[in-house]
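Q: Assemble the whole structure, with the sequences as input and the hints as a guide.
Every letter in the sequence shown is one number past the one before it in my numbering, and letter 42, counting from 1, is 260.
Derived by calculation from the structure, the hints in this document are not laboratory data.
None of these values were measured; they are calculated from a predicted model.
The C-beta atom is built at its ideal place from N, Cα and C for all residues, glycine as well.
Heads up, a few of these hints could be off.
Here are the computed lysine to aspartate or glutamate pairs in the EDC-like style, where the Cα-Cα straight-line distance is at most 16 Å [claimed, not checked]: (1) Lys343 - Asp449; (2) Lys343 - Asp468; (3) Lys343 - Glu333.
Label-pair restraints from in silico Cβ distances [claimed, not checked]: (4) Ala458 - Ala246: 23 to 31 Å; (5) Val439 - Trp296: 48 to 56 Å; (6) Arg498 - Arg292: 58 to 66 Å; (7) Met294 - Pro482: 52 to 60 Å; (8) Gln496 - Leu436: 20 to 28 Å; (9) Pro489 - Ser445: 25 to 33 Å; (10) Ala458 - Ala384: 27 to 35 Å; (11) Glu250 - Phe344: 35 to 43 Å; (12) Val273 - Gln496: 45 to 53 Å; (13) Asn248 - Val286: 53 to 61 Å.
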Amino acid sequence: TIERDHETHPKDRFVVEHTDLSNRHRAAANTEAAELLTGCLTHLVKVRRLREVRVLRGFHRYTMVNMVPADVDRSMDWLPAIEVYGEGIFLALDEQSVSTWETRSNVRDRIQDLEHRREASVFSKFLPVLTPRFVMLHTLAHLLIRQLIYESGYSSSSIRERLYVAESSSPQPMAGLMVYTGAGDSEGTLGGLVRSGDPDWFLPTLITALLRADWCSLDPVCAESSSQGSDGLSLAACHACALVAETSCDYGNLSLDRKILIDPQLGYLHPVLVAAEQARLGIL
Numbered sequence: 219t220i221e222r223d224h225e226t227h228p229k230d231r232f233v234v235e236h237t238d239l240s241n242r243h244r245a246a247a248n249t250e251a252a253e254l255l256t257g258c259l260t261h262l263v264k265v266r267r268l269r270e271v272r273v274l275r276g277f278h279r280y281t282m283v284n285m286v287p288a289d290v291d292r293s294m295d296w297l298p299a300i301e302v303y304g305e306g307i308f309l310a311l312d313e314q315s316v317s318t319w320e321t322r323s324n325v326r327d328r329i330q331d332l333e334h335r336r337e338a339s340v341f342s343k344f345l346p347v348l349t350p351r352f353v354m355l356h357t358l359a360h361l362l363i364r365q366l367i368y369e370s371g372y373s374s375s376s377i378r379e380r381l382y383v384a385e386s387s388s389p390q391p392m393a394g395l396m397v398y399t400g401a402g403d404s405e406g407t408l409g410g411l412v413r414s415g416d417p418d419w420f421l422p423t424l425i426t427a428l429l430r431a432d433w434c435s436l437d438p439v440c441a442e443s444s445s446q447g448s449d450g451l452s453l454a455a456c457h458a459c460a461l462v463a464e465t466s467c468d469y470g471n472l473s474l475d476r477k478i479l480i481d482p483q484l485g486y487l488h489p490v491l492v493a494a495e496q497a498r499l500g501i502l
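A: See the structure below:
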């Protein structure tokens, strides 16, 4: 990792800039909701340049039993690949608050039902074990992508997700995500995501994403659904509120549930949503 505040070298492949969450000047970034959201974050990093190599190893049929290799007759010693450069935003949630939240019995019970479905599904071959931490971060990434298409200038199919999840019982617990984009030329960036990663802009963006997720145009059907998507592997998540382009999601638009983020009894970021709604109504 190469960190430079001002100048980068053309050969740098991964350049990041850590932000100071306390350095906020816009009024929209200094609200009660923004303060609460800041308390849930430990890192907000602007990824000014990244390099990604996408390699085609093969593909699976519907049953996902055997992989069909890219080199069908296995006579070549290389695989087709493309190299792309881009930009992104990385954020890490506060580990202590996530660990406390995910031990709540109602949260565990809700996701445990989803995990039982995953175990019985054909998608268990590529979906990881579904835990509250994973589902919450995955849904948060989708909500953020859906909002960033309005803020950054990129189309919905251009922004992708990358999750960094390790449970609290692991030696190095993680609760982070990166949203990024890439293009197949030497630049691969318009700068829109990096600009959106500044605390002055990112905090209002994420708060707006939560406010949009609070009411889906298919509610109350969506919010009260106990089974959506293939094999019922999503809960309160549909095309109107949480799904993104297939090229943006690593997990087939499955294992999503916006209630685990914003519901009064379940939501990890529900206090942020309440403060934002009160401010919008002029209560604060």
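Q: Give a verdict on every hint.
A: Now the hints, each set against the structure:
Only pairs whose Cα atoms come within 16 Å are accepted, and Lys343 paired with Asp449 is accepted, the gap being roughly 13 Å. Among the hinted pairs, Lys343 with Asp468 is consistent with the structure: their alpha-carbon atoms are about 13 Å apart, no more than 16 Å. At most 16 Å may separate the alpha-carbon atoms for a hinted pair to count; Lys343 and Glu333 meet this at roughly 13 Å. At about 25 Å, the beta-carbon gap between Ala458 and Ala246 stays in the expected band of 23 to 31 Å.
A beta carbon spacing of about 49 Å between Val439 and Trp296 agrees with the range 48 to 56 Å that was offered as a hint. Range check, Arg498 to Arg292: about 60 Å between beta-carbon atoms, so the 58 to 66 Å window is met. The beta-carbon spacing between Met294 and Pro482, approximately 57 Å, falls within the hinted interval of 52 to 60 Å. With their beta carbons about 26 Å apart, Gln496 and Leu436 fall inside the hinted range of 20 to 28 Å.
The given range of 25 to 33 Å is respected by Pro489 and Ser445, whose C-beta atoms sit roughly 28 Å from each other. The hint said 27 to 35 Å for the Cβ distance between Ala458 and Ala384, and at roughly 32 Å that hint holds. The beta-carbon spacing between Glu250 and Phe344, approximately 41 Å, falls within the hinted interval of 35 to 43 Å. Checked against the hint of 45 to 53 Å, the C-beta distance between Val273 and Gln496 comes to roughly 49 Å, which is consistent with it.
Take Asn248 and Val286: their Cβ atoms lie about 54 Å apart, and the range 53 to 61 Å holds.
In this structure, every one of the numbered hints holds.
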